[in-house]
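So you can see what is in the structure, the chains are spelled out below.
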Amino acid sequence: MSKLKQELKEKIIEQLNLEDVSIEEIGDDDALFGDGLGLDSIDALELIVMLDKDYGIKLSDPKEGRKIFESIEVMANYIAANRTK
Amino acid sequence: MSKQNYIRAFSHIKNHVVSLNGEYLYHDEALDFSEFIKRAYKSLDTSYSKFFKMDNLSKLAFLAADVLLEEVNSQEENIAIVLSNRASSLDTDRRHQNSIEDEANYYPSPAIFVYTLPNICIGEISIKHKLLSENSFFIFDHFNAAYLFDYAESLINTKKAGKVLCGWVDFDEENYEAFLYLVSDKGNRIHNKEEITRLYTL
Amino acid sequence: MSKGVAITGMGIISAIGDNVAENYNALIEGRKGISRISKIDTVHKDAIMVGEIEASNQELVNQLGLPSENNYCRTAMLGAIAAKQSIADAKISDIKKYKTGLISATSVGGMDMTEKYFYEYLEDKELQKYIEGHHAGDSTQKIAEQLGIEQSLVTTISTACSSAANSIMFGARLIKSGKLDRVVVGGTDCLSKFTINGFKTLMILSDTYNTPFDENRKGLNLGEAAAFLVLESDAVVKAENKKVLAYVKGYGNANDAYHQTASSENGDGATLAMEKALKVGGLQPKDIDYINAHGTATGNNDLSEGRAIIRVFGEDLPEFSSTKAYTGHTLAAAGAIEAVYAVLALQNNVIYPNLNFKTQMKEFDITPQTVLKEKELDTVLSNSLGFGGNCSTVIFSKQA
Chain A
1 MSKLKQELKE KIIEQLNLED VSIEEIGDDD ALFGDGLGLD SIDALELIVM
51 LDKDYGIKLS DPKEGRKIFE SIEVMANYIA ANRTK
Chain B
86 MSKQNYIRAF SHIKNHVVSL NGEYLYHDEA LDFSEFIKRA YKSLDTSYSK
136 FFKMDNLSKL AFLAADVLLE EVNSQEENIA IVLSNRASSL DTDRRHQNSI
186 EDEANYYPSP AIFVYTLPNI CIGEISIKHK LLSENSFFIF DHFNAAYLFD
236 YAESLINTKK AGKVLCGWVD FDEENYEAFL YLVSDKGNRI HNKEEITRLY
286 TL
Chain C
288 MSKGVAITGM GIISAIGDNV AENYNALIEG RKGISRISKI DTVHKDAIMV
338 GEIEASNQEL VNQLGLPSEN NYCRTAMLGA IAAKQSIADA KISDIKKYKT
388 GLISATSVGG MDMTEKYFYE YLEDKELQKY IEGHHAGDST QKIAEQLGIE
438 QSLVTTISTA CSSAANSIMF GARLIKSGKL DRVVVGGTDC LSKFTINGFK
488 TLMILSDTYN TPFDENRKGL NLGEAAAFLV LESDAVVKAE NKKVLAYVKG
538 YGNANDAYHQ TASSENGDGA TLAMEKALKV GGLQPKDIDY INAHGTATGN
588 NDLSEGRAII RVFGEDLPEF SSTKAYTGHT LAAAGAIEAV YAVLALQNNV
638 IYPNLNFKTQ MKEFDITPQT VLKEKELDTV LSNSLGFGGN CSTVIFSKQA
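Chains as they are written, first to last, in the working numbering: chain A, 1 to 85; chain B, 86 to 287; chain C, 288 to 687.
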């Protein structure tokens, strides 16, 4: 699980072009949206594409994403339970 | 009668150089655009992390506007923006097109798609500088000083805007060119077509 | 200098009709043009609905009488058809008699041909002609050629979904300032995989008929269309004894300065655009008889625009409706399509129903007009709100 979390942090920084953020700065329970990393609605859509492309998880409603992307911890648990690749 | 307007300041980004009022701010010969604009951003101390999410055209327009507007440090809120170019959003259009071409690897990116319009770069400038003013984007074969001159004069003379940020921001393949200038009722360069053309070709 | 900006001709082609009369009949009969997509082979064909124009490219070529070696994209053909209709409607026989310009709005340009032939370009020399037709300005040039406009101002506006409203605004200014005597303004966009996929990734495409201002709205339907209007100065109207269909009375544009694609929560940009347009027209909110809303049926737009309307008009607002349920969202052309609908509303004193509305939105109390209504109309306000925060409002009126 910690490997998956590390992987997610790397991917988020890379995919969302978080140039000023390092892996160490993202805590497992930090909020990704709002006051935390400050991600926005387009970032949420980009993470939905990432779930599909890298883990074979398809979401059809963007509102589902908001719950899954609450933190690295929540995201990793969801991916571990639902991944198809 | 309409009164005389002036070009308050101008900026260029081209040929590996960022300049303001004709003076070099940043220069690095050996870099491709993405590395060049990133280093320019860092060296100019532009603290705005959303910069890295922008497409190439927006990065170009944003940085050229930012050095200019920071320098002028205007309290004027009603700055209209009128930009133009030749290639529209072609560079980003290509990236989006690539992502939907191959059915086996079919993952169009929302973060790319939102930049497939040329006027998004005006939105980026407006968001950073909180400009809720009139804005438009025109496509021309080449830089058209006469057209920009008429539009800016009309906006100021009919009091639709206090100042107008005008210019040309073009990005296609590795070719990039930004020239922005701020038209105002104050300044020391007369606002006319000849002067716009002269500054453009500096 | 011209005091008024007269509209003396209109042309349109959309999913609900190939000309002005057909569009009007569909509007008052409540006939929508939304269907499954038939002309583009997209992986999303079962997941989306669109406002598609019936004619095939070959039929459009025939209608325009183009030679077989032409390199017109669909955007250019639709634009040329609508623009020619507008010239005929304005009974203009000699385009060179007055200083006449063309301002055309588009967002996709020749993207349809590029995505169709991209991989064949290297091998098939015959197809390479379409490369020239790719860029946005090429469709405008072709429309100018079709109209015989050579020596005057010809330009393309590309500010996303407010493009055509901006071309009307810019044209009106050119008439008022005396730079032109006459200007053909409007916009054109065809459907393409490019926009279908893009909007799909933003997850704002509905899988069924779009339902503007409905609590359970699921997103927009993309549409294709073109519409153009002929604007003329007082002097031309007088000299030619022209019949005036309506006037462009006010216009305003503002940036929402909030997000690349999303509208701000309280519709700051839309509010400013409406306020500016009222000011230019010398009007108060109470002078507006009908609002043709942008109303795309996305969660974000209808909430933000609705709040902006309340900010400008208060709770006591005139009837409003969105016609996107008829045509789909026609992107850069939308402002011109809805300008034609606004003029038709004034001419016939009718308000079009906001089709597919069932459930009141819970965030506010305003409800769109849901059935056709006859009402004496003097002024109609039309909103067009675009990505990049570009917000525009145009007001049409019976009086100059």
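These are calculated hints, taken from the structure and not from any lab test.
Be a bit skeptical, because a hint or two may be false.
Within a straight-line C-alpha distance of at most 27 Å, the following computed DSS-like cross-link-like pairs (lysine-lysine) qualify [claimed, not checked]:
# : chain 1 : residue 1 : chain 2 : residue 2
1 : A       : LYS11     : B       : LYS127
2 : A       : LYS63     : C       : LYS530
3 : B       : LYS271    : B       : LYS245
4 : C       : LYS530    : C       : LYS662
Exercise. Any of the earlier hints contradicted here, and which numbers?
Worked result: Result: hint 2 breaks, nothing else.
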